[in-house]
Amino acid sequence: MAEDLPILLLKIGGAVLGLLTIVAYTVLLERRVAAWIQDRVGPNRVGPLGLMQPLADFIKLVTKEDILPAYANRVYYILAPALVMIPSLLVIAVIPWGSYLGGVKGVIADIDTGVLFVFAITSLAVYGIVLAGWSSNSKYPFLGGIRSSAQMISYEVCLGLSVVSIIMQTGTLNLSQIVEYQAEHTWLMVCQPLAFFIFVVSAFAETNRLPFDFPEAEQELAGGYNIEYSSMKFALFFMGEYANMTIASALAATLFLGGWSLPFEPFNAPATALWVGIAHIGIFLAKVVAFLFFFIWVRWTLPRFRYDQLMRIGWNVMLPLALVNVFVTGAILLWRG
Amino acid sequence: MMLQRPRLSLWEKSYLPQILKGLWLTLKHIPRRKVTVQYPEQRPTLHGPHYRGAPTLVKDPEGRVKCVSCQLCEFVCPPKAIRITPGHRQPAGADANVEKEPRGFDIDMLRCIYCGLCQEVCPEEAIFLKRHFAITGYSREELVFGKEKLLELGGVHQDQIWKWKNK
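Chains A and B, in that order, are what the protein sequence lines are. Per the working numbering, numbering of the first sequence is gapless, rising by one per residue and ending at 337. Per the working numbering, numbering of the second sequence is gapless, rising by one per residue and ending at 167.
Some hints here could point you the wrong way.
Claimed, not checked - FRET-style restraints, in silico, Cβ to Cβ:
no., chain 1, residue 1, chain 2, residue 2, range
1, A, ARG45, B, ARG83, 36 to 42 Å
2, A, LEU124, B, LEU46, 53 to 59 Å
3, B, LYS34, A, THR21, 25 to 31 Å
4, B, GLU142, A, ALA290, 36 to 42 Å
5, A, GLU220, B, SER14, 20 to 26 Å
6, A, LEU334, B, PRO6, 39 to 45 Å
7, B, LYS34, A, ILE167, 22 to 28 Å
8, A, VAL46, B, ARG43, 18 to 24 Å
9, A, ARG336, B, HIS29, 43 to 49 Å
10, B, PRO86, A, ARG40, 49 to 55 Å
11, A, GLU220, B, LYS34, 27 to 33 Å
12, A, LEU116, B, LEU3, 49 to 55 Å
13, A, ARG40, B, ARG43, 15 to 21 Å
14, B, LYS100, A, VAL41, 21 to 27 Å
What the hints assert, rightly or not - Partial selection, computed: residues in chain B whose CB lies under 7 Å from chain A:
no., residue
15, LYS34
16, VAL35
17, HIS50
To be verified - Residues on chain A that point at chain B, a partial pick, calculated with CB under 7 Å:
no., residue
18, TRP36
19, ILE37
20, ASP39
21, ARG40
22, VAL41
23, SER149
24, TRP300
Please keep in mind that the hints were generated in silico from the structure rather than gathered at the bench. Keep in mind the model is a prediction, meaning the values are calculated, not measured. In this text, a Cβ means the ideal position worked out from N, Cα and C, and glycines have one as well.
Take these sequences, add in the hints, and give me the full structure.
Take a look at the structure:
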């Protein structure tokens, strides 16, 4: 490792704290935006503009009774919430949240297999939900677990294939280099609109958000995989969902929206000055927040698809489209030499 | 009757046009004026002057207690929420003919069913169901409202029944 240990630890601490802060405030944003869309005000009592609401929620969840069902499989029951949360915490290690800040690279682990690492780790998140559904030993969580396994595995394929065309175009698996490619040329959202579309739809399915929130499906499964959970274990599922959303947003911003870059001087190149470095972090966060808002906005707009529709969209529409996209990208790359 | 299903084009079958329309609709609602009433600070306007809230004792425009403790309301009250202790007045001056007034007047708000019979039966128009709808307390004793509390809630009633006059 080229970097000093203190700097590395500082970056890790900053990234984890940043992620958890974003998660806490995304929950608040979700509730506020939901209220606005329904012509309501939303939580505005705790602190100015309701900004201390996450703290109040935290205290409430921590002080609740932690129930362990008698017929649950203890080991997996306790393991499952952690398995939902951990992958998203791991993934921030490779996401470039800035270019350079006073000579320090704005990413914790600048590895050459970043994209592969992300997909390897995020696909682990499904185990948390499946294990939660199975170990609860109760029918609705079980149904939720089954649904999530089918859904997430189906859409994982489309998600992966949509990114293949990105890799083909940029010729690298390193996320920082993908961002630098976009800073130099143009945002990949412009060159790869179809890939972007497939990525976004699959991201909704992967993060269990409406219109694809089948593992939870409150109206059908009364809450799905997390019914038997209470207190901080439930909170971990809840935070895990929002952490996954944040990671999906960060990935979308990195892969398609040019990460920390803006398409004009001096933001379209890795920063040399300190203020540009800080601005790059701000730009990246702004993109992530905008994407999170989009997630929430869609949730409060669309109803849930039917399960057969979900599968049909996944296998009959998204997968062929993704394959065609890969093929066309390859053909164009060959033609241009 | 047979309904012909509309034939959808490929673009319509992709769900996208309706999704975009829905997104635009919800986006338009975000900056709209909110309908929320911030409850403890703002009170909702209730339905006109005849709303049947908590029963209260009122005073006439000259600020005198109207009740003469005839105990009709106590008698008519279906859940027996009212208890009146009658008392004599020491009459003097223009209102010397009024002989009685309540010494104690308790309404148990936990028993009251807001039927309004007390208001209807009162010959002096001294008891009114006003707009108070959030009657809360920490104990049962606290929710038995005494005479002072009832008069405070009732306030002065602006009407034409001036029983002290011409008597």
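Among all the numbered hints in the text so far, which are the ones the structure does not match?
-> 4, 7, 14, 17 and 23
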